[in-house]
Amino acid sequence: MSGIDEIRNFVQELLTRQDDRRPLADNDSLLMSGRLQSVDAVEIVLFLEERFGIDFAELGFDREQLDSIDTMAALVQNAGSRS
Amino acid sequence: MADEVVTQAQIPAKGRGGVSDFRLIPRLETYPRIVAFAQSTLGKIVLLGLFTAGMRYFLPDLNVTLRFVFVFGFITFLPDLRWPVLTLCPLVFLVQNNLHHPLVLTASLLVVATGMFLYWCATRWPKSRFGRRPLVFLLTGYSLLIVLACGTRPHTRPYLVLWTLVGTAIAYLWFIAYAVTDRSSMPRNDAGRELATFRPLWGSTGVPFPKGAAYLRRIEAKTPEQLAVVQLKGVKLLAWAILLSLLQHFWFRLFHGFLHIPMPAAALAASVHGTPVPWHLRWASQILAFFELIFSMSILGHEIIACCRMAGFNALRNTYRPLSATTLIEFFNRFYYYYKELLVDFFYFPAFLRYFKKHRRLRTVFATFAAVVFGNAFYHITRDWQFFRDRGLWGGLASYQVEIVYCVMLAIGLSISQLRKRGARAKGFLRGHLLPVCGVGLFYVLISVFETDTRTFTVAQTVRYFASLFFIRL
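Which chain is which? The protein sequence lines are A and B, in order. Quick note: the first sequence, position 80, residue 85 per the working numbering, numbers continuous. Quick note: the second sequence, position 183, residue 170 per the working numbering, numbers continuous.
Accuracy of the hints is not assured; some may be wrong.
Using C-beta positions, here's what the derived DEER-type ranges look like [to be verified]: (1) 9(B) x 62(A): 21 to 27 Å; (2) 31(A) x 371(B): 42 to 48 Å; (3) 31(A) x 54(B): 41 to 47 Å; (4) 31(A) x 15(B): 51 to 57 Å.
SDA-like mimics (lysine to any residue), calculated; alpha carbons at most 25 Å apart, straight line [claimed, not checked]: (5) 344(B) x 78(A); (6) 344(B) x 27(A); (7) 414(B) x 398(B); (8) 414(B) x 40(A).
Just so you know, the hints here were simulated from the structure itself, not pulled from any lab data. Remember, predicted model here, so these are calculated numbers, not experimental data. C-beta: ideal position from N, C-alpha, C; glycine also.
Work the whole structure out from these sequences, hints included.
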């Protein structure tokens, strides 16, 4: 399974827990639109740290980076190319 | 990104049907003919007319209403000039409102200039000590200003100047905080946009509604259709605020005017002075206060966000169905959204990303305490700076003793709420909805005993009152 697929599955799971079964595109806004909340952002941070080894304290943190599947995938890619 | 954010607003959410989908005010922004009409000249005039009528309800001064509506009308018909207007108007109004208070005006302009200078420093030298931790410098600087002011002798010139500066700076502190932390957002905002968010045209409390310039850029309406949708949502929200305000008026007359149920501060004072009100009235007072706080927070937030939407920004509501929250953390998120965001942005995430990274539970608890105890206390202690002026440095800090208990209880509750495994909700209305909602409400009703703005009573007196709710005499 590729990185973006894993991210998509994880986000889908977060949405399902909240009974949000609306269609989800990779560029859909998640946090800014209110579909996911700060507590979900924490779970996304933990997921990205544990699964992809991202260190936000070092990279700098902006919640916009977690706003869609695409931005998360880009973050993972950038972090991978830096290390 | 902003395009998608606004477009999503047009898609009706798929609910589960039934009561949860019922809306007193229909989702007008999802009807294509209404959206098309709102884009026409006549439609814009109608929307502005409805908005003016709504604002007239909240603003008793006709001149202020007209001035306000003229600016929003200008933005509606010339959206390309939105940002210059939003930048200039608050400054013009600031000067206009303080022409007869030269010291306040000078202090305000000095604070705004300092804020812009700090923003410039943070973007110019992002790798410097200040650039890496701008918030630490900002909050420390403001704290030192209070300490300095506490050291002046009353009724001297330095006393007057410094306390004016303290009072003015707190009005801008969290706006500047968003500006200096916006430094990493891409593409970078220009200085004018940052300036527009320093106490923006649509109003705010000490908390920036809705956050800083980087956030506003993402939620800005980019096309006439998006603007129409956002403005329809704005007018609807204003109508909702008016309905709630009328209901609140009726509520106060019924419970406090007709049934004579005391306000919590009065019930607490009566207990402290040895003439407690009956047990059932103490409970009624606390429960009513819970709903009254939701009323006032909703009305205030809806009015501000309605104006923000009229300016063309698809901001989320400040209060969104708090009484449907089934967990403590969900209620905290729904009740005062932008304050919660402030705590999360400036205290929770910095602590969460930096400390105890190998201990997941401890990390969550520590970050929660950083936000809900330290951040919450810092916000309120500095917001109520008058206590320092009137009682001195230690007296001002000591006056917060009861609310610290509130902060700690809230932090414990929110920590547990986050650590509990989030799985599928229990089935059925009773176990899945009613009982959790009542449990959440009861928690906030109980801890609100310790949330007092008057700062008149000690922890011991408040604890005795709290215990008396359960027939316990201490």
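Status of the hints after comparison with the structure:
1. 9(B) x 62(A): 21 to 27 Å: Roughly 45 Å apart at Cβ, these two residues miss the hinted range, so it is violated.
2. 31(A) x 371(B): 42 to 48 Å: Given about 46 Å between the Cβ atoms, the range holds.
3. 31(A) x 54(B): 41 to 47 Å: Because 45 Å falls inside the window, the suggested range holds.
4. 31(A) x 15(B): 51 to 57 Å: With Cβ atoms ~30 Å apart, the hint is violated.
5. 344(B) x 78(A): Roughly 22 Å between the alpha carbons, so the hint for residue 344(B) and residue 78(A) holds.
6. 344(B) x 27(A): Violated, because 34 Å separates the two Cα atoms, which is more than 25 Å.
7. 414(B) x 398(B): Distance of about 28 Å is beyond 25 Å: violated.
8. 414(B) x 40(A): 22 Å, holds
Figure legend: structure checked against the earlier numbered hints; hints not met, in rising order: 1, 4, 6 and 7.
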